[in-house]
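First to last, the sequence lines map onto chains A and B.
According to this note's numbering, the residues represented by the first sequence are 1 to 407, in order.
According to this note's numbering, the residues represented by the second sequence are 1 to 302, in order.
Source of the hints: derived by calculation from the structure; they are not laboratory data.
Be aware that one or more of the hints could be misleading.
[Unchecked claim] Covered stretches of chain A, going by a simulated chain B footprint (3 or more residues, C-beta under 8 Å):
#1 281-295
#2 304-312
[What the hints assert, rightly or not] Negatives, chain B to chain A, calculated, CB over 10 Å:
#3 D26
#4 M27
#5 A51
#6 S71
#7 R129
#8 Q141
#9 T179
#10 A206
#11 A237
#12 K239
#13 A259
#14 H277
#15 S281
#16 D285
#17 L287
Beta carbons: idealized from backbone N, C-alpha and C, even for Gly.
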Amino acid sequence: MDEIRVRPAEPPSHGVMETNPRFGEFGGVFAPETLMAPLVELERAWIEFQQDKGFRQEIHRLLRAYAGRPTALSPAARLSERLGCEIWLKREDLLHTGAHKLNNTLGQCLMAKRMGKKRILAETGAGQHGVATATACALLGLECRIYMGAKDAQRQRPNLLRMRLLGAQVEVVRHGQRTLKDAINEAMRAWVGDPQNSHYVLGSALGPHPFPRIVAGFQEVIGREARRQMMDWGGGLPNKVVACVGGGSNAIGVFRGFLDDEDVELIGVEAGGHGIPSDKHAARFQGGWPGVLHGCYTWLLQDEDGQIRPTHSISAGLDYPAVGPEHAELQANGRARYEWADDREALKAFAMMAELEGILPALESSHAVAWVIREAEAMQGQKILINLSGRGDKDMDTVAGLMEMDS
Amino acid sequence: MNSSAKSKTEIQNALQQNRLCRRLRDMRRQGLKGLAPYLTAGDGGLETTLAVLRELDAAGVAAVELGIPFSDPIADGPVLQAASERALQAGTTLAGTLEMLREFRQGSRGAAGSDLPVALMSYTNPLLRRGWWNTCQEVAQAGGDALIVADLPVEESGEMREAALSAGLCPVHFVAPTTSEERIRQAGAISCGFLYVVGRVGVTGARTQFDASTQDFLAFVRQCTEAPLAVGFGVAAAKDVSEATRHADLAIVGTALTARMHKAASENQDFLSASVHAAGSFVRDLLRGLAVAAVPEPDQNS
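Full structure from sequences and hints, please.
Set out below in structure tokens:
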């Protein structure tokens, strides 16, 4: 595709922002004017949070005493034996509510409470971010409204029920593609409608600045812990760190722990859906090119006219047309590379993990495992760390349906 | 990218010929206020859009905002989202819209050409697709006068501004009730054509009454800048137009117009004529609000 690029904001001026809204040429603040003041306010809160020792201690305490950090690092002995490489699993599936999402929602909700916000808004795809947000709101006594696409509400029904039990008001979005993208549209509209009283808890490392930095900042605990655990009893650094990439918050979280370790290869795995040639996938780096969606300049699946293209993935959490801007930069500067695994491979990985390791991984995380299974032959003897971003209980209906079809 | 940016004088000269700037200058000189309807291009097909444009021109609007549909319009409420979806389903593109605009300018099938100022309004992605430079050149060549980009704040607008000005287009900026005074002044200082005043927080069409807080905000913006002001959000009746134009130069009506056109179109076999008729009669009704506003008020010396 022809090269059309937005020039990066001219350094050192960040406009109305105090910190750089860009990752290389990616990112930025492509937001309606109404949201500029709330975004500036949020950036200030984020800067203060990072400097405030008491606040950092509070989130640290919550992560330990409530969320269950640090999460385990498990050697995957039987899978390793089967594949001929040494596989380690960072167990974010063991975090309270069953995925890495709570790292971010506890942090953002605590910030929101301190900013005096009364109401929390959030989108959700697989429902994990919605559940994690509703959980943080229940814990901190905040009002909570979650937007979820109708297609996702159906395929991730257990999570819809969990959110309601947790006291959240769930709005099912019935227009557009009825998935994560449309849930974000609706949550952003709600925020445009009430920016003073509401805080929008974006669930992935995307959106307008400062969201990508905030979300990555709260998720990098995954990488810090994983690196320490690998050094302490994993026998040193891995050769590769592998994570699935939807918006990319679990991946950026684990990658950040290893960015300075130049010998550690970072691999993000996107959703290949029915395969790249089918055009029914969510692999932005395979079939997209840069553009602007939901507030940032990044790689998108779009058509010749700049309209956002429908996506497909078996996993609701990866079924999204844009990738977080920090990943776009890591790909551009070559620090990370981005691969894909398709629906069928992900299901196979799901089954293999259950059988060999006694773990039901989320279908999202199964994509990372699937890529390792596919490439294992070329990685014999290597030490590979997979970020197991969530557990698969929520996916039982989808998996059961497909298993019946296959039998 | 073309780096041979034009000099300030050249830009001023380019905008001297800009239809929107000329219209706003004339209105100021004559102490007039105006109505600027918003239409989603291709809602009902581009044939309908062309016919409605001609009807609005005949009715006497001051300018038109022509929306280029986008798949994910985050600043729009349900009515304009649906219009965007219908337009995309009808196959509307930027290129097709510009072809229609060219026809509107040149005249066709017995209709005369028109000099009505037309501002193109959209989101970043569909305009960025061909690059700001190419998009601005093409919009100008087709007869557009301004670009309004809902998700492009001043901070991100550098390249669009440069490209628009070089093409003789007005890059329009926004202010909203959440915008700080300093920022309003800055936006006013660099505004070309008009400054787009978002009358209240919220997406388009969320409320259909022009309320007191909007009026206060408009009065405040008026104090901050000399720039011509266009106010959107909440204009649905002639009295709203009167209210809006107490401080603003232009009242924008989008959601209420779109809803009426769509209702008429879905209730009639000949949806094109029905849309045109609905748009014409509604806008003529709204224009009566300007007559009221034109009654001199003690504090107005324009």
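Okay, which hints does this one fail, numbers in order?
Failing hints, ascending: 6, 7, 9 and 10.
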